[in-house]
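Heads up: the sequence lines are chains F and W, in that order.
The first sequence maps to residues 50 to 498 in this note's numbering.
The second sequence maps to residues 624 to 956 in this note's numbering.
There's no promise every hint is true.
Cross-link-like lysine-lysine pairs, in silico, DSSO-like; alpha carbons within 27 Å at most [said to hold, decoys possible]:
#, chain 1, residue 1, chain 2, residue 2
1, F, Lys103, F, Lys209
2, W, Lys628, F, Lys447
3, F, Lys303, W, Lys628
4, F, Lys272, F, Lys254
5, F, Lys390, W, Lys628
6, F, Lys135, F, Lys254
7, W, Lys795, F, Lys286
8, W, Lys795, F, Lys474
9, W, Lys628, F, Lys495
10, F, Lys495, W, Lys949
11, F, Lys107, F, Lys135
12, F, Lys303, W, Lys952
13, F, Lys447, W, Lys841
14, F, Lys447, W, Lys949
It should be emphasised that the hints constitute simulated quantities derived from the structure, not laboratory data.
Note that the structure is a prediction, hence the values are computed from the model and not measured.
So the chains spell out like this:
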Amino acid sequence: MKIFNGLASFPRGGVHPQELKLSANRPIEFLSPPRIVTIPVSQHFGAPAKPIVKVGDKVKIGQVIAEANGFVSTHIHATVSGTVTKIEMCMDMSGYKRLAIILNAEGEEWLEGIDLSRTLKAEIILTGPQIIKKVQQDGLVGLGGATFPLHVKLSPPQGKHADVLLINGVECEPYLTADHRLMLEKGPEIIVGIQILMKALNVSKAMIGIEANKTDAIDHLSKLTKDTPGIKVVTLKVKYPQGAEKQLIEAIIKRQVPIGGLPIDVGCVVQNIGTAFAVYESIQKNKPLVERVVTVAGESLNRSSNFLVRIGTPVSYLIEVAGGLPEDTGKIIGGGPMMGKALNTPEVPVVKGTSGILVLPRMYAKRDPVLPCIRCARCVSHCPLGLEPYLLMNLVEKGMSEEADREAIMNCCECGSCAYVCPAKRPLLDSIRLGKSFIAQQRKEKAKT
Amino acid sequence: MNHQKLIVSLSPHVYAPASVRCIMMDVLIALTPALLWSIYVFGINALRVTLLGVASCVVFEYLLQRYVLKIQPTVDDGSAAVTGLLLAFNLPSNIPSWMIILGCFFAIAVAKLTFGGLGNNPFNPALVGRVFLFVSFPVAMTSWPIPLTNRFQFIDAMTQATPLSIVKEGLKNRIPVVDLMAKIPNYFDLFIGNRAGCIGEISVLLLFLGGLYLLYRKVISWQIPVSMIGAIFAFSGILWMIDPSAYMTPLFQILTGGVFLGAIFMATDMVTSPMMPWGMIIFGAFIGILTVIIRVFGAYPEGVSFAILIMNAFVPLIDKLTKPRKYGKVKNV
Chain F
50 MKIFNGLASF PRGGVHPQEL KLSANRPIEF LSPPRIVTIP VSQHFGAPAK
100 PIVKVGDKVK IGQVIAEANG FVSTHIHATV SGTVTKIEMC MDMSGYKRLA
150 IILNAEGEEW LEGIDLSRTL KAEIILTGPQ IIKKVQQDGL VGLGGATFPL
200 HVKLSPPQGK HADVLLINGV ECEPYLTADH RLMLEKGPEI IVGIQILMKA
250 LNVSKAMIGI EANKTDAIDH LSKLTKDTPG IKVVTLKVKY PQGAEKQLIE
300 AIIKRQVPIG GLPIDVGCVV QNIGTAFAVY ESIQKNKPLV ERVVTVAGES
350 LNRSSNFLVR IGTPVSYLIE VAGGLPEDTG KIIGGGPMMG KALNTPEVPV
400 VKGTSGILVL PRMYAKRDPV LPCIRCARCV SHCPLGLEPY LLMNLVEKGM
450 SEEADREAIM NCCECGSCAY VCPAKRPLLD SIRLGKSFIA QQRKEKAKT
Chain W
624 MNHQKLIVSL SPHVYAPASV RCIMMDVLIA LTPALLWSIY VFGINALRVT
674 LLGVASCVVF EYLLQRYVLK IQPTVDDGSA AVTGLLLAFN LPSNIPSWMI
724 ILGCFFAIAV AKLTFGGLGN NPFNPALVGR VFLFVSFPVA MTSWPIPLTN
774 RFQFIDAMTQ ATPLSIVKEG LKNRIPVVDL MAKIPNYFDL FIGNRAGCIG
824 EISVLLLFLG GLYLLYRKVI SWQIPVSMIG AIFAFSGILW MIDPSAYMTP
874 LFQILTGGVF LGAIFMATDM VTSPMMPWGM IIFGAFIGIL TVIIRVFGAY
924 PEGVSFAILI MNAFVPLIDK LTKPRKYGKV KNV
């Protein structure tokens with residue numbers, strides 16, 4: 050249970066699935082934009098943005114097409130230049146139909162003032178508050194998957210202050226290599242991005258956590274940060290979910306976020322590698338968030354790759370470029386295999402939070418029959434949050450939501466370690482999610498009355 | 624693109640290569656060396672008891688689930704086979720066949736399926752079966768064939784007492800320990816398993832090797848065996864130091880009877896043991912203490928099965944007392 054090999058790690062639980070980083074050696078390829086993009090107005094945590102364009106409007110790349118609706122919300126930008134053809138409900142990765150703006154691409158015309166050159170711009174001119182305002186305008190969200198609007202995270206509530214910035218370069222999900230490639234290919238830009246974030250947060254210390262299986266990225270960033278004051282690279286043990294926010298905080302600075310609290314409660318803010326790069330592009334190059342790196346991978350896929358993709362590109366288009374959907378496909382996943390969402394159709398768009406598209410063969414896609422719990426306690430010993438998943442599942446199945454709440458079901462981060470290790474193949478996380486949504490619903494109703 | 628057949632389910636989408644059947648197979652594999660040794664020592668009779676035990680449990684589970692409970696039989700998970708093998712391991716080799724079948728019926732029907740089948744039984748089914756036979760047929764259950772003799776006969780008239788019963792009887796008649804030690808096998812014979820006893824309990828060495836295999840396969844953890852054997856050693860050691868002429872040595876206490884079989888294979892049964900490491904240590908330690916109390920102060924020469932069954936009843940309580948510390952739990956809240 051202790052750390053034998055001396056590498057920093059979160060102290061309890063966790064699993065080590067097969068890493069399967071098929072695309073780790075594939076450089077990021079620019080993917081030419083498709084003819085039609087579908088841009089949902091709700092790609093972030095918080096209120097959906099409000100469309101400000103009409104059908105028939107001409108737009109340029111980087112132009113705001115939907116405005117932030119409130120503080121916890123962010124702008125949405127056009128990712129191709131052309132005409133707004135439809136504004137309607139479209140299926141997104143959640144499987145629900147949500148409002149989206151559909152653009153027809155005509156040519157490749159960027160909004161004036163966006164610097165598309167590749168030269169590194171290291172000098173940071175904007176002040177902290179200006180940076181925070183700018184990242185909201187440029188539609189920046191956490192690109193690790195939670196898509197929390199960046200400006201909210203950079204504005205700690207009254208009386209709270211961060212003393213350290215943690216950068217998440219862990220990428221502990223199997224298959225995914227987008228952040229890995231970004232660290233190798235955009236190292237200097239990421240370092241500037243981190244410095245911008247440090248300035249915005251007014252902290253003098255930043256630490257980049259990277260799992261030990263990415264030695265090249267660790268070496269590269271260590272070299273780059275050798276002469277940069279305040280930024281340090283920390284090598285972390287290869288263990289899932291090392292990149293989950295709470296686990297990363299505990300691994301690097303040995304602090305525990307209290308139940309129901311946020312990282313800022315223990316004086317830190319966590320940002321993803323991809324976000325740091327997007328911050329650089331926004332602040333130094335005046336470029337809004339219109340594209341991101343997406344890993345497309347699968348054992349049967351011809352060409353597992355890392356693509357630089359425009360937001361709104363259909364998943365099917367990515368798979369086509371990666372060699373087409375294999376015959377034996379059983380499941381398409383948006384995200385990683387541990388926390389990602391299974392898609393019921395590849396005709397959904399890539400959004401800001403899409404870190405990967407995985408194509409799983411049918412033989413891995415089916416679940417095994419469920420057996421009774423044999424009390425092996427693997428779910429308990431592998432839970433990184435010290436919960437008892439078998440107990441939570443029992444409580445949820447019996448409808449005992451109050452007891453489940455007392456057992457801290459809401460603290461579950463849904464990493465899936467419990468369901469991963471269960472020898473009886475019990476759908477532990479399914480039940481826990483059900484219980485969580487039920488309790489969340491109850492709390493909402495209570496708040497109303 | 625044809626994507627009508629896409630499977631949609633919640634995450635996680637990959638699973639560890641572990642299964643209930645895999646765990647049960649590991650237990651069977653771990654018990655095999657001890658089984659082969661018992662066949663060598665007790666001959667074809669040991670094979671008869673084992674095969675009949677395994678077959679009866681599997682058949683009873685199948686028939687009861689299929690025709691009485693009218694549910695899909697679950698014998699393919701391997702748990703009935705494990706129960707049968709463990710029950711057989713807890714029987715003397717010349718027990719009549721019908722008693723084996725009756726014990727298996729009791730283990731499967733009463734101790735397991737009545738409570739809802741695998742995972743729901745509070746008591747170890749194999750031990751319930753053994754204790755049922757033990758209290759019902761005390762003579763047959765304590766008739767121990769002499770090791771390495773008459774190995775090719777089904778009925779064995781030549782029997783001898785186990786080391787533990789020699790000691791129990793002797794101490795009751797105030798025979799000094801020194802004289803008793805001459806009547807029982809030496810420590811080396813006890814260790815490799817050249818002694819009378821239940822067919823699966825005799826070879827400490829091979830049970831220990833099986834335990835190492837289960838540890839390596841992560842089917843069991845070290846806490847229960849270590850704390851149980853440690854507690855027996857410590858408690859009987861204290862008694863021995865108080866009066867070496869009236870109490871047996873701690874080494875004798877851990878090498879005899881069903882201590883290793885119980886500590887490694889019976890007390891560690893996942894379904895009927897605590898879940899957390901500290902709970903396991905408490906559980907094991909109390910089994911050890913109870914075992915010594917029954918052996919030294921109780922009416923029976925051996926107490927491992929009773930001790931484990933008694934502690935099985937405390938598992939829910941122990942689990943409640945040793946809950947894992949929740950991440951982010953603020954003290955005094």
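Here's how the hints hold up against the structure:
Distance restraint check for F/Lys103 and F/Lys209: the Cα-Cα separation of roughly 42 Å exceeds the 27 Å cut-off, and the hinted pair is therefore not satisfied. Using a Cα cut-off of 27 Å, the hinted pair W/Lys628 and F/Lys447 is violated, with the two alpha carbons roughly 33 Å apart. Pair hint F/Lys303 plus W/Lys628 does not hold up; C-alpha atoms about 46 Å apart against a cutoff of 27 Å. Distance check on the hinted pair: F/Lys272 and F/Lys254 sit about 17 Å apart at the alpha-carbon level, within 27 Å; holds.
Taking the CA atoms of F/Lys390 and W/Lys628, the gap is about 16 Å. The hint holds against a cut of 27 Å. At most 27 Å may separate the alpha-carbon atoms for a hinted pair to count; F/Lys135 and F/Lys254 exceed this at roughly 46 Å. Annotation: proposed proximity of W/Lys795 to F/Lys286 is violated, straight-line Cα distance about 60 Å (limit 27 Å). Proposed proximity of W/Lys795 and F/Lys474 is contradicted: the alpha carbons are some 53 Å apart, above 27 Å.
A hinted pair counts as satisfied when its Cα atoms are at most 27 Å apart, and W/Lys628 with F/Lys495 does not qualify at roughly 41 Å. Using a Cα cut-off of 27 Å, the hinted pair F/Lys495 and W/Lys949 holds, with the two alpha carbons roughly 26 Å apart. At roughly 12 Å between alpha-carbon atoms, F/Lys107 and F/Lys135 fall within 27 Å of each other, so this suggested pair holds. Between F/Lys303 and W/Lys952 the alpha-carbon distance is near 15 Å, which keeps this suggested pair within the 27 Å criterion.
About 31 Å separates the Cα atoms of F/Lys447 and W/Lys841, which puts this hinted pair outside 27 Å; it is violated. A C-alpha spacing of about 22 Å is found between F/Lys447 and W/Lys949, which places the hinted pair at or below 27 Å, so the restraint holds.
When the structure is compared with the earlier hints, violations turn up for hints 1, 2, 3, 6, 7, 8, 9 and 13 and for no others.
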